[in-house]
Amino acid sequence: MKYESQRGYIGLEYYGRTVTVKILPVGIHLGQLQEVLNLPETGLKVAELIKEFRDRGRIMMLGVDDMDIFKGISLKLLAFEELLTQHPEYRGKVVLVQIANPARGKGKDVKEVQDESYAMVKRINEAFGQPDYQPVILIDRPLHFYERMAYYVVAECCLVTAVRDGMNLIPYEYIIARQGNEKIDRILGLSPFTRKKSMLVVSEFIGCSPSLSGAIRVNPWNIESVAEAMDKALHTGEGEQVLRHEKHHKFVSTHDVGYWANSFLQDLARTCQDHNKRRCWGIGFGLRFRCVALDTSFKKLAVEQLVYAYRKASTRAILLDYDGTLMPESSFGKMPSSKTINMLNSLCRDEKNLVLITSTKTRATLSEWFSACEDLGLAAEHGYFIRLERDAEWETCGLATDFSWKQIAEPVMKTYTETTDGSIIEDKETAIVWCYKDADRDFGSCQAKELHDHLESVLSNEPVSVKADLNYVEVKPQVGVSKGLVAKRMLSTMQELGLPPDFVLCVGDDRSDEDMFEVITTAVDGPYLSPGATVFACTVGQKPSKAKYYLDEPADIKRMIRALARVSDQELAMEEGEDPPYPFLAGDDTSTDDTWLN
1 MKYESQRGYI GLEYYGRTVT VKILPVGIHL GQLQEVLNLP ETGLKVAELI KEFRDRGRIM
61 MLGVDDMDIF KGISLKLLAF EELLTQHPEY RGKVVLVQIA NPARGKGKDV KEVQDESYAM
121 VKRINEAFGQ PDYQPVILID RPLHFYERMA YYVVAECCLV TAVRDGMNLI PYEYIIARQG
181 NEKIDRILGL SPFTRKKSML VVSEFIGCSP SLSGAIRVNP WNIESVAEAM DKALHTGEGE
241 QVLRHEKHHK FVSTHDVGYW ANSFLQDLAR TCQDHNKRRC WGIGFGLRFR CVALDTSFKK
301 LAVEQLVYAY RKASTRAILL DYDGTLMPES SFGKMPSSKT INMLNSLCRD EKNLVLITST
361 KTRATLSEWF SACEDLGLAA EHGYFIRLER DAEWETCGLA TDFSWKQIAE PVMKTYTETT
421 DGSIIEDKET AIVWCYKDAD RDFGSCQAKE LHDHLESVLS NEPVSVKADL NYVEVKPQVG
481 VSKGLVAKRM LSTMQELGLP PDFVLCVGDD RSDEDMFEVI TTAVDGPYLS PGATVFACTV
541 GQKPSKAKYY LDEPADIKRM IRALARVSDQ ELAMEEGEDP PYPFLAGDDT STDDTWLN
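Taking full-length UniProt numbering, the leading residue of the sequence shown gets 1, the next gets one more, and so forth.
One or more of the hints may lead you astray.
Derived BS3-like pairs: lysine-lysine, alpha-carbon spacing no greater than 25 Å straight-line [what the hints assert, rightly or not]:
id : residue 1 : residue 2
1  : 247       : 197
2  : 232       : 247
3  : 352       : 312
4  : 277       : 467
5  : 449       : 22
6  : 414       : 352
7  : 467       : 449
8  : 111       : 93
9  : 543       : 300
Ranges between beta-carbon positions, derived for each pair [to be verified]:
id : residue 1 : residue 2 : range
10 : 141       : 194       : 32 to 40 Å
11 : 108       : 194       : 47 to 55 Å
12 : 225       : 137       : 21 to 29 Å
If you're looking for bench data, these hints aren't it; they were derived computationally from the structure. We put the CB at the ideal spot given by N, CA and C, even for glycine.
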């Protein structure tokens with residue numbers, strides 16, 4: 001899926017719409033927390049906790065969690081036990097206060113977590129407790145919010161060791177409480193100019209972890225690592241604690257819930273600002289339902305309109321994609337039929353026309369397939385090789401000369417080919433392609449994603465690009481060659497010959513053809529076309545595209561080209577004084593006779 005990073009978010013191009021993905025953690029209600037800090041009850045509780053802990057030389061480490069299997073309370077207790085085991089100097093000084101909020105549900109697992117927590121607390125207190133010292137205090141009852149805020153104020157370090165959690169705003173609340181206010185400062189005996197400090201040890205599995213760059217991040221399953229983080233938090237110097245706290249407070253105070261809501265609404269407005277320029281269609285059912293957004297000017301090409309413009313033109317440029325456009329992707333072998341060759345020859349015999357076929361095939365394959373077309377231009381391998389007529393030499397466009405990277409890419413592709421039935425490797429002169437259109441669709445897509453990532457990894461130091469598109473993964477040199485350059489080359493050549501076209505037809509079917517559509521639609525305002533030139537950019541199928549027109553399937557494209565070929569044959573016959581070969585054209589330029597398609 002195509003995406004791009006812009007201003008801190010990811011934009012996914014999805015069926016004509018840009019779906020915005022942005023990491024924006026929800027904030028806290030700053031005003032509500034300040035109100036709680038100003039309550040008389042909060043001040044009284046803070047004073048009580050100071051007497052209980054600080055005045056007795058105790059350092060409080062705080063945990064606030066629901067009594068839940070995913071909150072990691074037992075892992076935190078094990079880590080604290082390891083801390084006291086490895087560091088006897090903390091015994092009698094450091095106290096872990098674990099506030100266990102009531103579980104949000106009931107069940108066997110909740111009872112097991114509760115029993116396990118009580119058993120661990122009892123074991124730790126029996127092993128390291130003293131007559132006037134209890135290492136772990138477990139508060140297993142509902143607390144008023146002001147009580148919790150008071151514990152935040154007094155705690156020197158906050159521990160969050162959830163093994164899986166959502167946002168978890170406990171660290172944010174702790175930061176605001178530690179910042180305090182004038183009333184709390186007076187109770188703590190601090191001057192108004194005292195710089196505040198705090199320490200956080202947080203699990204890497206909680207949502208707020210990426211937003212707390214100054215926190216000590218831990219894997220809660222690694223007991224020794226969590227114990228070491230606790231030791232580091234206790235040993236961190238006051239200056240560093242101040243810097244960590246100020247960094248956190250700046251972020252938390254400026255990214256509150258109001259900022260989050262406003263930012264979300266602004267992103268929503270920006271994302272939807274051009275929706276009135278698009279039409280949305282629902283396609284598919286169930287899990288395969290898709291919403292497709294199309295430009296309001298995108299419409300089905302009226303062949304009558306095309307033929308009318310074709311008749312009026314004096315110089316024409318016709319640029320046709322082959323794979324999936326003139327020839328359906330499902331066609332075996334994809335070699336053009338004799339009737340397709342005759343149709344193209346009819347266009348090429350017209351002196352007003354310059355016709356060029358673009359393809360992903362090699363120049364040897366195209367030379368063989370279109371050997372009967374004397375005046376047909378060909379662009380092989382997405383435009384790496386170009387020739388404007390059969391007897392001309394092939395020209396290269398920025399072709400790289402070092403293809404040693406193929407020796408790296410091919411063995412990787414072979415591995416995926418062996419494990420993906422229906423996939424093949426196409427080794428071209430300038431690229432190597434892994435095709436999986438005949439493989440199982442879901443399995444092939446998964447394998448393509450894995451292959452794409454694998455190739456990007458092993459080829460990261462090579463001058464190549466790895467591209468994944470519908471049914472294939474391609475590795476090619478980074479030389480900037482595209483079908484858009486083919487279109488530009490064609491138009492510039494006609495201009496240099498003094499034949500700027502007043503009729504341009506460009507037809508394609510996939511993402512690689514979008515460059516052609518963009519070039520010819522923007523060429524209207526440039527020097528390559530005659531004033532008042534008519535441009536038709538047409539894609540196969542209704543889908544988001546830079547083309548302004550569409551036809552439903554390759555058979556419709558052939559009918560359209562056949563109608564133009566008949567006009568050219570008729571004009572040539574009339575110039576030579578012969579009867580028109582298609583007399584019905586006088587009344588119907590878009591005959592529904594499909595026998596030539598066989």
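Status of the hints after comparison with the structure:
1. 247 / 197: holds, 10 Å
2. 232 / 247: holds, 18 Å
3. 352 / 312: holds, 11 Å
4. 277 / 467: Measuring from Cα to Cα gives roughly 30 Å; hence the hint is violated.
5. 449 / 22: Between residue 449 and residue 22 the Cα gap is close to 23 Å, so the pair holds against 25 Å.
6. 414 / 352: Given that 25 Å is the threshold and the Cα spacing comes to 47 Å, the pair is violated.
7. 467 / 449: holds, 10 Å
8. 111 / 93: With Cα atoms ~31 Å apart, residue 111 and residue 93 exceed 25 Å; violated.
9. 543 / 300: holds, 11 Å
10. 141 / 194: 32 to 40 Å: holds, 33 Å
11. 108 / 194: 47 to 55 Å: holds, 49 Å
12. 225 / 137: 21 to 29 Å: 24 Å Cβ-Cβ, so the 21 to 29 Å window holds.
In summary, the structure is inconsistent with hints 4, 6, 8 from the numbered list given earlier, while agreeing with the others.
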